[in-house]
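> Please arrange chain H on chain R, whose structure you already have, making use of the hints.
Chains as they are written, first to last, in the UniProt record's numbering: chain R, 1 to 273; chain H, 1 to 196.
Do not rely on the hints blindly, as some may be mistaken.
Said to hold, decoys possible - Quick list of the computed label-pair ranges, beta carbon to beta carbon:
1) R:Phe84 <-> H:Asp112: 47 to 57 angstroms
2) H:Glu159 <-> R:Ser3: 37 to 47 angstroms
3) R:Thr193 <-> H:Lys184: 36 to 46 angstroms
4) H:Trp146 <-> R:Asp79: 25 to 35 angstroms
5) R:Gly134 <-> H:Glu3: 56 to 66 angstroms
6) H:Val39 <-> R:Leu126: 54 to 64 angstroms
7) H:Glu14 <-> R:Gln161: 49 to 59 angstroms
Keep in mind the hints are simulated off the structure, nothing from the lab. Ideal Cβ placement from N, Cα and C applies to all residues, glycine included.
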Amino acid sequence: MVSFEEVAETVVELFRKAETELPEDVIQALKNAYEQEDNEVARNTIGAILRNIEAARGLKVPMCQDTGLPIIFAEIGRDFSLDFNLRDAIIEGVRRATKEVPLRPNAVHPLTRENPGTNIGPHVPLITVDVVEGDTLKLTVMPKGAGSENVSALKMLLPSQVGNVERFIIEVVKNAGGKPCPPIIVGVGIGTTFDGAAKLAKKALLRNVTSMDEFERGLLEKINSLGIGPGGLGGKTTALAVLVETGYCHTASLPVAVNIQCWANRRASAVLR
Amino acid sequence: MAEHWLKTPIGKNEILNLKVGDVVYITGTMITARDEAHVRMLEYFDEGRELPFRIEDVVIYHCGPIIVEDGGKYRTISAGPTTSARMNPLTPRVLEKVDRMVIVGKGGMNEDVVNALKGKGVYLAYTGGAGALAAQTVKTVRDVYWKDLGMPEAAWVFEVENFGPCIVGIDSRGNSLYKEVEKKVEENFRKILSQP
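Same shape as in the complex, but just chain R (with noise of 0.2 angstroms):
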């Protein structure tokens, strides 16, 4: 049976490695892209982020001074046995983390700005669990920085503006310019309710970015037009993906959230059994 300390520790190790190591597919639409760019400013911006991401990997730390708000997803089989709070230990492996990895002390409260200094705090980390079929525990971690987080949006647009839709996603990454350090991933979360929806945006986040379909490829196209560019700076790459998960609504609501990710998508998975 996996212990307590099992999952405490799998949460380090999955931090470390979300923040020190890009995973592949967002290395290779970074290469992709800069092979792309002609304009020289572009170009030179986007060599800065992959020479950053090797001396992350070869140093051993965070890509990003910005280690994110600690956001964790765990997927739950509905045969696999628990003998402790599954909470509590994912605490303590953001506890652990802070101090290990380093992670930057970024959760303050929200009101008075105190900081404790361990990431830990009321509903921080934030964690969402899902019970799934099977024998295991799935751990995801997926640090969140605010430059990005900021700039996301949320509209409950009505049932009759099916249409404006794409406009709404587009107009999102046109306000956010360059503050949330394009090339960018766009998560979009379609559909369920105000809350639901942002969800859905955020787990966008954690698909492959190479896992388009014809609708996503689209927006993206449109996206990359806009010449906002790596840094912001002008350029053919203003995202590297478009990610879009829908659910049922209610049939008098339309809910559409954009959650912006910048090019550090960390994120970083574990199987326990």
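For chain H alone, kept in the frame of chain R given last:
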């Protein structure tokens, strides 16, 4: 585009000489300051107190680094730029109090800052998220002010060597690369919307 290798304190003529698109490398002293440090600077000004550091002689870096304490010494782990736009409402008031200023950040700043920089300062863009790369150029952490604000918000004093490449995003003559890009992006946005 021209390349400049600058050493702090950076002279006023050197600052006025920089043009948008130029590449800049910095050697010398940089002080990190983000939202909370800016608010505190303004409190000092309002109370008529002297800041504990001279803004004119250093480079203000929009950055919340990861620092570890090793045997009483500070070491920088990762130190890339933070989103400068958050300092848009605060920076013009700081600029009123100084004769010259060099700011490094990412993502650009607004028209108010472009106007406030006229004749006295520049805004340099460093690659967003390049924290590991930036930390390599930090040779020592000489000091820290306002540590009570917490690690990301405190004012850390870095001695850097060849920090860069930075791109001049806003120069002292009212030019802004971001403004130019934004204009084109607005035009492209309208074109995209008019497509069937």
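> Name the hints, by number, that the structure is in violation of.
Going through the list in order, the structure violates hints 4, 6 and respects the others.
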